[in-house]
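*Asks:* Residue-level listing of the chains:
Number of protein chains: 2
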Amino acid sequence: MLPCPSSVRSQSMQANNWLISSGGRRGALVDLFRESTSPVRSRVVVTDVSRLSAAGQHADEFELVPRISADNFLSETLRISKKHGCSTIVPTIDPEIAVLARARAQFRQHGVDIWVSSPQVAELGWDKWDLYRWLIEAGYPTIDTQEIAESRLVPFAGRVVAKPRTGSSSIGVLIVDNVESLRVSALTDDYILQRFAPGIEVTVDVAVDERGTVLATVPRRRLEVRAGEVSKGVTIHVPEIELLVRDMVTSLPGAYGVLNVQVIYDPETNSPKILEINPRFGGGYPLSHAAGGDLIGAMLRSKTGDTASETWRPGTVMLRYDEAKFYADQEFVLSPWS
Amino acid sequence: MLPCPSSVRSQSMQANNWLISSGGRRGALVDLFRESTSPVRSRVVVTDVSRLSAAGQHADEFELVPRISADNFLSETLRISKKHGCSTIVPTIDPEIAVLARARAQFRQHGVDIWVSSPQVAELGWDKWDLYRWLIEAGYPTIDTQEIAESRLVPFAGRVVAKPRTGSSSIGVLIVDNVESLRVSALTDDYILQRFAPGIEVTVDVAVDERGTVLATVPRRRLEVRAGEVSKGVTIHVPEIELLVRDMVTSLPGAYGVLNVQVIYDPETNSPKILEINPRFGGGYPLSHAAGGDLIGAMLRSKTGDTASETWRPGTVMLRYDEAKFYADQEFVLSPWS
Chain A
883 MLPCPSSVRS QSMQANNWLI SSGGRRGALV DLFRESTSPV RSRVVVTDVS RLSAAGQHAD
943 EFELVPRISA DNFLSETLRI SKKHGCSTIV PTIDPEIAVL ARARAQFRQH GVDIWVSSPQ
1003 VAELGWDKWD LYRWLIEAGY PTIDTQEIAE SRLVPFAGRV VAKPRTGSSS IGVLIVDNVE
1063 SLRVSALTDD YILQRFAPGI EVTVDVAVDE RGTVLATVPR RRLEVRAGEV SKGVTIHVPE
1123 IELLVRDMVT SLPGAYGVLN VQVIYDPETN SPKILEINPR FGGGYPLSHA AGGDLIGAML
1183 RSKTGDTASE TWRPGTVMLR YDEAKFYADQ EFVLSPWS
Chain B
883 MLPCPSSVRS QSMQANNWLI SSGGRRGALV DLFRESTSPV RSRVVVTDVS RLSAAGQHAD
943 EFELVPRISA DNFLSETLRI SKKHGCSTIV PTIDPEIAVL ARARAQFRQH GVDIWVSSPQ
1003 VAELGWDKWD LYRWLIEAGY PTIDTQEIAE SRLVPFAGRV VAKPRTGSSS IGVLIVDNVE
1063 SLRVSALTDD YILQRFAPGI EVTVDVAVDE RGTVLATVPR RRLEVRAGEV SKGVTIHVPE
1123 IELLVRDMVT SLPGAYGVLN VQVIYDPETN SPKILEINPR FGGGYPLSHA AGGDLIGAML
1183 RSKTGDTASE TWRPGTVMLR YDEAKFYADQ EFVLSPWS
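So the sequences go chain by chain: A and B. Here the first sequence is numbered in our numbering, starting from 883 and rising by one per residue. Here the second sequence is numbered in our numbering, starting from 883 and rising by one per residue.
Looking at chain A on its own, in the form it has when it is part of the complex:
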């Protein structure tokens, strides 16, 4: 059991009180949560390890938490949830998924739900080699993949991509025209090799309820990427992609909450391939929401048995720009170099 300081007088849990964990710069997501439950007044609490969080400035309450790797990350997160009566925790970054996935049952005993998938799905989201093996076994189309040991013996011909089997963004990714120009021997054992797949990258936002029912699938195409995050995108209507993702997510061992699935689609062969699963809100979720796909509302309605599929508008374009929150920080007045 998690320790829970008895000195904290907790509010009663409210269905429309949210805790967005590791809020970072997700200011727009905080706003969407607040709007999703109107006209009922909702409250959004944001936690972060740094006080310099834009999402924290958007929130009704902002609380600092220890690092995810710290012993008291979970107990502090639970304490803050109870203090503010938050009945739902929404994780936002990869490193906390596995930690929160393992704690979900315990949090439920305290009346706090976490929109996070099972530890098995967390693992498939984290480890590309495990995901590849699961997809092949379950019969879903994906990119041909090898462990680095295998690729040293019988490498793929043609253009290949080498990447760490775990990890986010494009850190450590190498693309070469043929495997001979790759120093495979120099790559560490945690690398995998993938055949380069021609096509267009499509991200699908998915909402899944507690019984594993898929409530929504919204495919959006990345038109421009900036710092690993979509900066221009558009929702697109491609039934092949939605059907594949809906089927695959239903087969996952315990998907729950809002997640996103990366797909490579080759318009010439009409074939989508599954590339990656992120069992958390994608950074580009506000586009699906703006297109009418309110996955937050769909999750809430599913609690009352309403599992109708969300409808949304294709051809909705998102053009991102930098907005900012500003505040006065006396520390930098006293010492500019602090």
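Hints may contain errors.
A pair counts as met if it fits within one copy or between any two copies, since identical chains are not told apart.
[Claimed, not checked] Derived lysine to any residue pairs resembling SDA-like cross-links, with alpha carbons at most 20 Å apart: (1) Lys-1207 <-> Asp-913; (2) Lys-1155 <-> Trp-1219; (3) Lys-1207 <-> Arg-916; (4) Lys-1185 <-> Arg-1108; (5) Lys-1045 <-> Arg-1015; (6) Lys-1185 <-> Gly-1094; (7) Lys-1185 <-> Glu-1092.
Derived by calculation from the structure, the hints in this document are not laboratory data. Small disclaimer: the values here were computed from a predicted structure and weren't measured.
For chain A, the structure is supplied; the task is to place chain B on it using the hints.
*Replies:* Positioned in the frame of chain A, the structure of chain B alone reads:
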């Protein structure tokens, strides 16, 4: 003379009608221009080479222009200015600075001002080697720099930075602990070598009127950078930096408009060094503005002879996050892969 199609019925020029050139994702800047001239109703026209411009969605009018390198970039920009009665053009990206700097006098004959410095200052902003020589000659502190040919003969000792003498962001930049680990012979002749300078990077937003009077200097520290652009920053009060930048900008051969100067400051030695000049609005300008340093208003007031220095608040923190404009684009409904 620039050709100007006679078929366009131009509006009369309005002091508070703006053309923001190459608007891209500068949505926040468009908003600041509109607010700067309230309560008088202002209009902001944005141009861009792509229809997918967030700034274009913020503008009162959005117009496509040819590429900067195209023969008719200038004539189209002038035509659009006149069509909408824009008396001032505000450039925003490096590649257009030199082109607009050379055209400024011609545009003035049509009643259109461009907030851009002289071609000589444009050159100093573009070419790091030219800037170094100018700074040394004028007696301003900067980073020790060598042309690559010189560095092949007598290289600097210790940690060095190699970078293309022209170019933006950090493209092509190499940092090594000692010059021996750098294959200097492999670098092309357009590279320069700089001694690595310890310290903290500070950007100073500067407004300069037509007589070369500096109206404002707002130093802001970069706390976090994302995709080459400040994502967290804070205004700081450091008189040594402001005095140096004010003096240097006054000595420049024809600074005009809002520009920014990059400085490296070493708190241990109390010595600022000038690193770079960008003769255009910096991406982080909204922070200076939020701190009370309204450089747009200062430029406008200078027209009526008011050249009082802008005051602003140190310790103003900016935390950026992604906002977006959304619109329906029928083209992607008809063909998702267009």
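*Asks:* Decide, hint by hint, whether the structure agrees.
*Replies:* Results of checking the hints against the structure:
1. Lys-1207 <-> Asp-913: Both ways: Lys-1207 and Asp-913 sit 13 Å apart in one copy and 15 Å across, limit 20 Å.
2. Lys-1155 <-> Trp-1219: between (49 Å within a copy, 16 Å between copies)
3. Lys-1207 <-> Arg-916: both (17 Å within a copy, 19 Å between copies)
4. Lys-1185 <-> Arg-1108: Neither. Shortest intra-copy (36 Å) and inter-copy (39 Å) distances fail the 20 Å Cα cut-off.
5. Lys-1045 <-> Arg-1015: within (16 Å within a copy, 44 Å between copies)
6. Lys-1185 <-> Gly-1094: Answer is within: at 13 Å inside a copy they meet the 20 Å cutoff, but 66 Å across does not.
7. Lys-1185 <-> Glu-1092: within (9 Å within a copy, 65 Å between copies)
Violation of the numbered hints given earlier is confined to hint 4; every other hint is satisfied by the structure.
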